[in-house]
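Enquirer: Based on the hints, put chain L in the right spot on chain R.
Taken in sequence, the protein lines are chains R and L.
Convert by adding 480 to the 1-based position in the first sequence; the result is the number in our numbering.
Convert by adding 784 to the 1-based position in the second sequence; the result is the number in our numbering.
Derived by calculation from the structure, the hints in this document are not laboratory data.
Idealized CB from N, CA, C, for every residue including glycine.
Each hint should be verified, as a subset may be incorrect.
As the list claims (entries may be wrong) - Taking CB as the label site, the calculated pair distances span:
no., chain 1, residue 1, chain 2, residue 2, range
1, L, 949, R, 801, 25 to 31 Å
2, L, 830, R, 541, 53 to 59 Å
3, R, 541, L, 950, 38 to 44 Å
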Amino acid sequence: MTVLSLEHVTYSYPGAAAPALEDVSVEIGPGELVVLAGASGSGKSTLLRVANGLVPHFHGGEFAGRAIVAGMDTREHGPGDLAGAVGTLFQDPETQVVMGTVRAELALPLENRSEPGPAVARGVEEVALALGIGHLLERLTSELSGGELQRVALGAALVGQPRLIVLDEPTSQLDPVAGDELITLLRRLGEDFDTAIVLAEHRLERCLPFADRAIGMRGGRVACDGTPGEFLDWASVAAPELATPGAHLLSGLGLAPVAGVKAGRSALRAAGLLPDRAVSRSDTGAPETRGPGRRRRADDSALELDRVWYEVDRGPTILRSVSVSVRAGERVALMGRNGAGKSTLLRHAAGLMRPTRGKVRSTGRVALLLQNPTDYLIHDRVELEASPAALATVGLGDAAYARRHPRDLSGGEKQRLALAIVLDGVGGDLNQKAAVVCLDEPTRGMDRRRKDELAALLCELDAAVLVATHDPEFVAAFAQRVILLADGAPIADGLPSEVLAGGTYFATETARILGGAGGVLRPQDGVALVSGSLVSGSEVGA
Amino acid sequence: MIYRRRASPMHAARAGATCAYCAGLAIAALVLSAPLALAAVALALVGAAVGAGVWPQIRRAALFALPLGLLVMVVNAIVVRDGLTVIARLGNWPVFGQVDVTLEATVAGAVLGLRAVELILCGALYTAAVDPDEVLRLFRRFSFHSALTATLATRMVPVLARDARRLADAQRCRPGRPPSRAALMRAATSGVLDRALDVAAALEVRGYAAAQRPRRGWERQRPYSRHDLAFAAAGVGIPVLAIGGRLVGWARFSSDPALHAPVGVGGALLAAALLACALLPFADRKGIE
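Here chain R stands alone, though its shape is the one from the complex (with noise of 0.2 Å):
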């Protein structure tokens, strides 16, 4: 018996040229936990929102086929019937939690359906002790972090114990260690409820080891749909931007991808090919650490924190007396867990806020990138909102962006507009630009071809660049030096070889799957390290 049955569902939004869905055939049974995967604009949320019944009788538009939901056809059943066999979580939470208290919040779907004073009660404890949030459940609503706000979130979307839960990103706005928790939580919901879970995601590394099946979308059609293995198979063919580091790696060296780092260790492992873990540094070139909060000469930095203090009046200290300078041309990661500080001190790099105590010096305008670029845009024409030059350089200057509505843009074109607008000179002269440049979580919600795109575009820049970010792979991607921030103090300062290599949540798939050695993170430096030590082996033995 099947939870989600969709049969020929094709769906257009109201004045959309191009179907977001087309022909779409997809059946999910009790307790499957199944990953979406796709690049943006490739008919995820969109198949999500069919299932919760948002699509059509919420957006409208055009809609054919048949999706059958727990044995109710969407086409006669809104998302008010929907909503005691669908569990919904959408990618923001703040905009999903709806009341004062984390207890009312999750007592509200069950009030809806008028369920009697003791259910009520016995559903919120239930799921508040699934979730370990008991803690929380006195707490208001607007004073949790995101990572509590998502699980509050989830927890509202199970406590009527859905048949059924879709999610879209629920992790984009987490930490790893929480965004980890979250997965493991599902794989742990689907295996004790018999709920099937449906999850969008674009950090698939993270979560098709703990999925029965993936399906991978492309152009609003299902184009693979088969166990991840299955999938990492199509994907390293036919869609490589889909495919983890690590099937990059397995595939790199002629094995058959799998998902997930254990079995990755374990394919390694049978074929012979997993290296020696204490294979040296010296072996791979990499200059030794630094220890943390060592300062550079001042000369030649394009930015300088010295000893910054903020201590919020009646409240914490966020940062302890951080020490960091940036060169010019350099590029800088900050890691850390959420609340480690990280978007504090870009702040302080930038001006927005000052130091109670402390200097923070640059030798020019600071640009600085927020984490919603929405808040960026406000003019009416993308070619109003940069200079002619600013645009070009991240990839926007073709002519059919010039007179496009900046908020009708996807998630990564905003992002390079808003990009556009703090890399832009002063008054448009490109001659005035910054000096350097922050970003505050750029990648969040960035399918990985965007965010190879957005690597590429920060190595070309001459500016000294320093990015907070949770995505290792991202890391890998760009950064020459990682300082990684715990309690608003730099604790590790070094190349990201040396800071990520050998760590668990701060660390690529390809540095895990290897076990940190030769401290290599990227998929093809794995296959070369590999490569490398069979030959040197080879010739030992010969």
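Expert: The following block gives chain L in isolation, referenced to the frame of chain R:
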């Protein structure tokens, strides 16, 4: 200003009782006009704010309300021609003509201003000390959708304030001349509409459209605590005292043609009774966590 659960008798009482308490104080402020009685209501409000542990929030509201009260007093003194005791001759003003400020009009304006301040403080006390989610539960029996919309509006205030701060920060990051106010307003409006759409979608998938009037006895029965009873009693007692005091003439006040505000035993008793009725519920501090 937002509601935050605190260890106070008022926070420990159910929303129905504390709503009645705030409404009682507001009714007293509206019904009474004798300065002594209004002063008692003002003192009661300050005492309630201190007792509920929300004095900092109420003080902020008072700082906003006091200039408004003063404005009411000044406008009344200039516009109203009642009263015999002229305290200032301001000459001939355009539109107004000869402006003579009388003591009676000034005092009447002060009474009006004090009343306005007290009404604002009643609202502030309600916002800071009455759980909006519980109010939603209370009113959902009558009009669920309206109650939820009101709750949502309260919840959205800090969210929109954060959005506004984010937008302002982003604009500070734009190089060159700052954008025009019209462009900013347009961007802010678009942002708010986007936010509204997202919230509407979230409500839809939570079953808002299919929400039904709750069945009788749907809510878990909660026994009435001492605090529930005390605040409910005060919520009834305060307006009864105010209306009764006015009917028996203990709160008489007139400002035309001359000031007449006798402070007799009755007036003093009424003020004392109002204060006692409003503050006694705070005396019992057992079981307030």
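Enquirer: Give a verdict on every hint.
Expert: Hints, verified against the model:
1. About 27 Å separates the C-beta atoms of residue 949 of chain L and residue 801 of chain R, a value consistent with the hinted range of 25 to 31 Å.
2. Between residue 830 of chain L and residue 541 of chain R, the C-beta spacing of about 57 Å keeps the proposed range 53 to 59 Å intact.
3. The given range of 38 to 44 Å is broken by residue 541 of chain R and residue 950 of chain L, whose C-beta atoms sit roughly 31 Å from each other.
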